[in-house]
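**Student:** Listed below, chain by chain, are the residues.
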Amino acid sequence: MNALVFALVFWLGAWALNAALARSRWHATRPVRIFVPVLFGVTLLVLWEGIVRGLDVSPVILPAPSRVAQTFVVSTDTLWLDFRQTVLKGALSGYLIGCIAAFLTAIAIDRSSFLTRGLLPIGNFVAALPIVGIAPILVSWFGFDWHSKAAVVVVMVFFPMLVNTVQGLRETDPMQRDLMRTYAAGYLQTLVKLRLPAAMPFVFNGLKIATTLALIGAIVAEYFGSPIYGMGFRISTGVGSLSIDLVWAEIAVAALAGTVFYGLVAWAERLVTFWHPSQRG
Amino acid sequence: MRNTWPVLVVLGAIAALWYLAVAPMNIRGALDQAERAGAVVAPETPKARQEVSVWRLMIDNPDHIAAGYSLDRPRLPTPVQVGEELWKSTVGMALRGRAMSKRSLIYHGWVTLQATLWGFLLGTAVGILGAVAIVHWRVMDMSLMPWAIISQTVPIVALAPMIIVVSAQIGIEGRAIPKAIISAYLCYFPVLVGMVKGLRAPTVSQIDLLKTYNASALQGFLKLRVPASLPYLFTSLKVGIAAALVGTIVGELPTGAISGLGARILIGDQFGTPLAIWAALVAAAILAGVLVTLLDLLQKITLKRMGFRQ
Amino acid sequence: DPVKLQLKWVTQAQFAGYYVAADKGFYEEEGLDVTILPGGPDIAPEQVIAGGGADVIVDWMPAALAARERGLALVNIAQPFKRSGMMLTCWKDTGISKPEDLANHTLGVWFFGNEYPFLSWMSQLGISTDGKSENGVEVLKQGFNVDPLLQRQADCISTMTYNEYWQVIDAGVSPDDLITFKYEDYGVATLEDGLYVLEENLEDPAFVDKMVRFVRASMKGWKWAEENPDEAAMIVLDNDQTGAQTEKHQKRMMGEIAKLTSGSDGTLDPADYERTVRILLAGGSDPVITKEPQGAWTHAITDKALK
Amino acid sequence: MTETNPVISARNLDLVFQTNDGPVQALKDVALDIEKGDFVSFIGPSGCGKTTFLRVIAALEHPTGGTVTVNGMTPDEARRQRAYGYVFQAAGLFPWRTIARNIKLPLEIMGFSRAEQDERVERVLKLVDLDGFGEKYPWQLSGGMQQRASIARALAFDADILLMDEPFGALDEIVRDHLNEQLLALWERTGKTICFVTHSIPEAVYLSTKIVVMSPRPGRITDVIESPLPKERPLDIRDTPEFLEIAHRVREGLRAGHAYDD
Amino acid sequence: MTETNPVISARNLDLVFQTNDGPVQALKDVALDIEKGDFVSFIGPSGCGKTTFLRVIAALEHPTGGTVTVNGMTPDEARRQRAYGYVFQAAGLFPWRTIARNIKLPLEIMGFSRAEQDERVERVLKLVDLDGFGEKYPWQLSGGMQQRASIARALAFDADILLMDEPFGALDEIVRDHLNEQLLALWERTGKTICFVTHSIPEAVYLSTKIVVMSPRPGRITDVIESPLPKERPLDIRDTPEFLEIAHRVREGLRAGHAYDD
Ligand SMILES: Nc1ncnc2c1ncn2[C@@H]1O[C@H](COP(=O)(O)OP(=O)(O)OP(=O)(O)O)[C@@H](O)[C@H]1O
Ligand SMILES: Nc1ncnc2c1ncn2[C@@H]1O[C@H](COP(=O)(O)OP(=O)(O)OP(=O)(O)O)[C@@H](O)[C@H]1O
Ligand SMILES: [Mg+2]
Ligand SMILES: [Mg+2]
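Chains as they are written, first to last, in my numbering: chain A, 149 to 429; chain B, 49 to 358; chain C, 722 to 1028; chain D, 125 to 386; chain E, 125 to 386.
Looking at chain A on its own, in the form it has when it is part of the complex (with noise of 0.2 Å):
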């Protein structure tokens, strides 16, 4: 009982910390901005911590994070296997894939009005559908290394990149397409000079999309089947074992790689779209 209350009493001191920050005049310097979400990361622990040595809540239901911290140390051999081969192999991959191909599938299409009117209602209507059920159709295709994970992941991202680049490139405002024709330029001047940069915050937009959606992609099709490693094969069958400190170790992995694998996508977009008002704030 005394870890709840502590972590109740943690929880609420952490808060009053950041609300106060929050009113202060700091509140948008960089120290704080960082410090303000990462407390909060902090307190969920603390308190998930002392949910389940407050509440005895048994290891095989829901380990606590000490213990996952723990497991997380001295398994990172295993980890690491897994780490390489879903998402190194089957996400990265996949996500690098589909993605390109999206991007000059819509390069292509865009040429023709008639095309692109054809696909992106398709694409949209696609890109809202739950494409994770291939997953088991795919493994059967592709065998059961990371080469189907990463079709499964190329499917998933390929419509929403898609959907995105085609918009994008139909962003330009009419004035500036005017303005090239004015300068009497070619398709593919005005595609590199006009197009593609002004389609580039909606292309960033379909990558951070795709990003989450890789990973789901990825682990998802490893329950259909796999080698003996990866963090699906891990997490399925960390459950089958009653191995739930793996498997949560598996999570705050995935966790850790989708978070920075997000950041990545979104420190290159600020690089590359540094223009856009969204990023100048």
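Check before you lean on any hint, since a few could be wrong.
[Stated by the list, open to error] Distance condition first, Cα-Cα at most 25 Å in a straight line; then the derived DSS-like pairs of lysine-lysine:
id, chain 1, residue 1, chain 2, residue 2
1, B, K150, C, K745
2, B, K136, C, K903
3, C, K969, C, K903
4, B, K150, C, K725
5, C, K941, C, K972
6, B, K136, A, K356
7, C, K1025, C, K1012
8, B, K95, C, K813
9, C, K944, C, K1028
10, B, K150, C, K972
11, C, K813, B, K136
12, B, K348, D, K260
[What the hints assert, rightly or not] FRET-style restraints, in silico, Cβ to Cβ:
id, chain 1, residue 1, chain 2, residue 2, range
13, B, A181, D, R341, 49 to 59 Å
14, E, D360, A, R173, 45 to 55 Å
15, E, M234, A, R418, 29 to 39 Å
16, B, R144, C, R999, 48 to 58 Å
17, E, D255, D, R341, 16 to 26 Å
18, A, D326, B, G337, 35 to 45 Å
19, C, T1011, A, R178, 44 to 54 Å
20, C, S818, B, A82, 20 to 30 Å
21, B, W185, D, P219, 23 to 33 Å
Just so you know, these hints were derived from the structure itself, not from any lab. Since we're looking at a predicted model, the values are computed, not measured. The C-beta atom is built at its ideal place from N, Cα and C for all residues, glycine as well.
Please build the complex by placing chains B, C, D and E with the ligands on the supplied structure of chain A, with the hints as guidance.
**Tutor:** Okay, now just chains B, C, D and E with the ligands, sitting in the frame of chain A:
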């Protein structure tokens, strides 16, 4: 409706490609079948055929290509096969008065739909409340927003079994609620992001205008922020319901195996009946299409009645 | 009295006894209100019972003992399955004719608790599972179907005598093209579907009494199912919520299951238990369990139930 | 113009914004009295603090030095008494409300009765020549009509003071002339005190009884010109020598203050 | 103004847009000759077709009737020969390019050499008083500076004809005056032919050698006023009687065409 014609053409092209792809995808299966039936194929043994590309096989055994279009367990079924299976398990069942039998996709679609709708309601509620909190309190904005993004990087599939166990421990029976929770987990995020954008849509001068009227915070919220956010809300609701459906199906994949479209996909995989998987996939697609279209309609009507220009 | 039974897998004839007992009113006769919870690929019955989601679970002994070593005190109270139905099914044309030939091939294995017998078998054979080599096999985590074999992504896959093997046959493969290795035949069979409860619950006489009645009714169901396999299969089919099971398949499965349950009255044979433990302890570098389990089974329930 | 008690009175007004690039002095040492019934125009280069001054009067910004009183109260008190109507550069009508309901917005917030609301909407719509357009949505109206609707909205709750920040900036010259005429007529009819920001010299001269010329960075008043023009002003007045003379003086004032660095 | 061969010549020009609500006649029976070195202003109520006319000259729209020639060619041919620079109402700079690279844009497209590009950017930046701002991004500049940059961009490739569509519409009067002066100086220095759309009567009169007054729906030319003002025009010229007289004539022309229905 100027898009109808191009869409039809593109759909036609996709169907044609699909048909073409069936031949190479199924040639091995067709040859195995033919060999067992006693026909002579080249190369003769399955093991030898493993070493040969599908194109080679198609060239060497042109007579057997057609068989690939009517396999029982095709790697890639034809659209017609999928359509037939879908028809059989939906309308066919309904015609025999067994629309809600366990063998009917209508029943499984209904199960999935229920969980999706509950998840959607829950996710929307959480998303909207979160957005209101974020817009009104800076602490919330600073501490919650980054975690909302991080929450979406957690592989929800991994949590699914645990959510079931934990909810069982709290005394929640059945799979419906855990599925709804998973579905809400994916659904709340787009709603949250859209609503934050929407609630912040009013311009400074609109907010100032209300200040000159000495309007209270509540009045400002109801008369300005809420109506201004509606177009954003609907847009994100459409994304949200699609995400909710994905969540339900993901929730049904590893944890269900009982009922629902996700379970059908899983069972279809387990028993090696690809047609069942495809039919369930198409049913899920139709469900998604219907849900999004309904919301789209609702959006059009509401915004029109509210006077937003189309 | 309410009883919640968590199955290890989806509704199928493998669990016919329980469905028969429920359908034929055997549970009712004992004053029990039994809810049967089907399992699924990612439902761990051990976790469900730990979370209080079930009173009793159907589990394989390796998984149960592993859980016990992880601190979840499961106790076997009855063992309706006498024999193991697990086997490895291989293509003959891969040149495999005896277990030693498995080396340098790709094998599909189920995980989720089912891998333990396989791992100890391999370690007995001295074959490593780290990848294809002179002295090692490549292991795939097999999905839930037999496609890996049919599409030759694997040379061998795990099958149950009552289920997956027939899927292979149903796919048009002639039994002559296949070679099978039954775990039972190689002395590496571990005990399959048994009934397990939490140790702490057995201190409660009311619970024990409930279990006694439950086991009695369940075994009655099993015996009925053995005698009336076709009808039992239909009962199972009626209870299948997925609507994916077929009559033909379930009837055949019931026939095979009957072979496994016949010869057991529900009482655990300590010799079988000893063998299972021995196999598991011999799990090579990464044994399933590291020490002899204590108190992992009891005859207390079956003794009362079957008198 | 017989009162001696100024409606708005600013003394030594200072306002410094703290920005990321350091402090920006938007207003410096501004002193001004506005009498009841005055039509005061503020003119000056972009960024000189015209908007800021209006916002200070409306209590939307708080001065960092000096004092302002509105009807003898602080701006905040005056705001709470709903002493003024504010008209922004863009019409700023809510697109989801009809014109009538847009005009009702302040009335709802201030708690007028249903009947009173309807009655007032009716009245102000007539005042700005928009009767019959109450049920239209903003986007169904031209820019000029929208701007008139936003003036009607500011008039609806009978504030004594009207603060208008470049209300006609986005309109073309002909429409603008027309609205200027109407605004003058309205001012005469209602006797309100009007503070009016504009960039157009002719507009300022044509409308005002008093023209305040401001200089940029830090925003300061460089000239206050009392107009000798009669209250009755046909559009043609703009071609008279008096008019041109005032316009010239305003332009000179502006030019002087304009450190050319835009 | 001694040439007799018009640079731009329109005969019986008709342009009908097909819209969802039926056809809109944007231009009807427009005839106009523009000589080399002319500074022609187009003025008229909103929607009268000024922009459309400029776009026809630039081959961005195609007339549905009549003919236009630019330097004796069709507009399309002239476009391909890069005969004109177009300055839009908004500056329309690409936000991802610095000012210098924005100005380089047409030069890159037209295939000028690296050295030539740099040299020209240097020169036009000076011409519009922006030297030293080349490395800034558009959003780091004020509206007036952006507008000057966009003029620099149009000047960079030395087209003979400059088409300007309300280039100063969004700026305040002082900045506008200043840019007007600079534009006049530039026109004098370079001898370009300029077509200039504006809503401001004083601006039109101040700048032009020829003022084209248009009436709306269908867009038609109602008056073409040759300005008797000298080429040398200090800003004060706007207070002279000649100036006022032309302004008056323009206003009357506008008023006549303005069916008051806003
Ligand atoms: N909220 C603010 N924070 C920081 N600086 C501000 C703020 N509001 C205005 N300023 C600065 O104060 C100065 C005066 O601005 P203000 O808007 O009053 O000018 P203005 O005369 O209305 O200009 P314009 O004619 O362009 O509307 C400007 O330099 C502006 O950049
Ligand atoms: N692409 C188009 N499609 C249909 N109608 C158009 C199009 N462009 C312009 N119009 C119509 O043609 C008429 C003339 O438009 P134009 O833009 O030339 O007017 P303008 O004189 O430039 O007006 P403003 O002063 O507002 O810029 C208007 O009625 C307009 O609605
Ligand atoms: Mg201002
Ligand atoms: Mg125009």
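**Student:** Each hint needs a verdict: does it hold in this structure or not?
**Tutor:** Comparing the hints with the structure gives:
1. With a CA separation close to 21 Å, the supplied pair K150 (chain B) and K745 (chain C) stays within the 25 Å bound.
2. Pair hint K136 (chain B) plus K903 (chain C) does not hold up; C-alpha atoms about 39 Å apart against a cutoff of 25 Å.
3. Taken as a hint, the K969 (chain C) and K903 (chain C) pair is honoured in the structure, with Cα atoms around 23 Å apart against an allowance of 25 Å.
4. At roughly 22 Å between alpha-carbon atoms, K150 (chain B) and K725 (chain C) fall within 25 Å of each other, so this suggested pair holds.
5. Between K941 (chain C) and K972 (chain C), the direct Cα distance comes to roughly 19 Å. Compliance with the 25 Å bound is thereby established for this hinted pair.
6. A threshold of 25 Å between alpha carbons decides the hint, and for K136 (chain B) with K356 (chain A) the separation of about 40 Å lies outside it, so the pair is violated.
7. A hinted pair counts as satisfied when its Cα atoms are at most 25 Å apart, and K1025 (chain C) with K1012 (chain C) does not qualify at roughly 30 Å.
8. The suggested pairing of K95 (chain B) with K813 (chain C) holds, with an alpha-carbon distance near 10 Å, which does not exceed 25 Å.
9. Of the pairs offered as hints, the one joining K944 (chain C) and K1028 (chain C) holds, with about 16 Å between alpha carbons and a cut-off of 25 Å not exceeded.
10. As the CA atoms of K150 (chain B) and K972 (chain C) are separated by approximately 19 Å, the hinted pair is consistent with the 25 Å bound.
11. Our distance criterion of 25 Å between C-alpha atoms is broken by K813 (chain C) and K136 (chain B), whose separation comes to about 38 Å.
12. Proposed proximity of K348 (chain B) and K260 (chain D) is supported: the alpha carbons are some 19 Å apart, at most 25 Å.
13. Hint check: A181 (chain B) to R341 (chain D), Cβ distance near 40 Å, so the stated range 49 to 59 Å is violated.
14. At roughly 51 Å, the beta-carbon separation of D360 (chain E) and R173 (chain A) lies within the given 45 to 55 Å, and the hint holds.
15. Look at M234 (chain E) against R418 (chain A): about 33 Å separates their beta carbons, and that is inside 29 to 39 Å.
16. A C-beta distance of roughly 55 Å is found between R144 (chain B) and R999 (chain C), which places it inside the suggested range of 48 to 58 Å.
17. D255 (chain E) and R341 (chain D) have their C-beta atoms about 23 Å apart, which keeps the hinted 16 to 26 Å range intact.
18. In this structure, D326 (chain A) and G337 (chain B) meet the distance hint of 35 to 45 Å, their C-beta atoms being roughly 38 Å apart.
19. Hint check: T1011 (chain C) to R178 (chain A), Cβ distance near 51 Å, so the stated range 44 to 54 Å holds.
20. For S818 (chain C) paired with A82 (chain B), a C-beta distance near 28 Å keeps the hint of 20 to 30 Å intact.
21. In this structure the hint that W185 (chain B) and P219 (chain D) lie 23 to 33 Å apart at CB holds, the actual value being about 28 Å.
The structure fails hints 2, 6, 7, 11, 13 (numbered hints given earlier, in ascending order).
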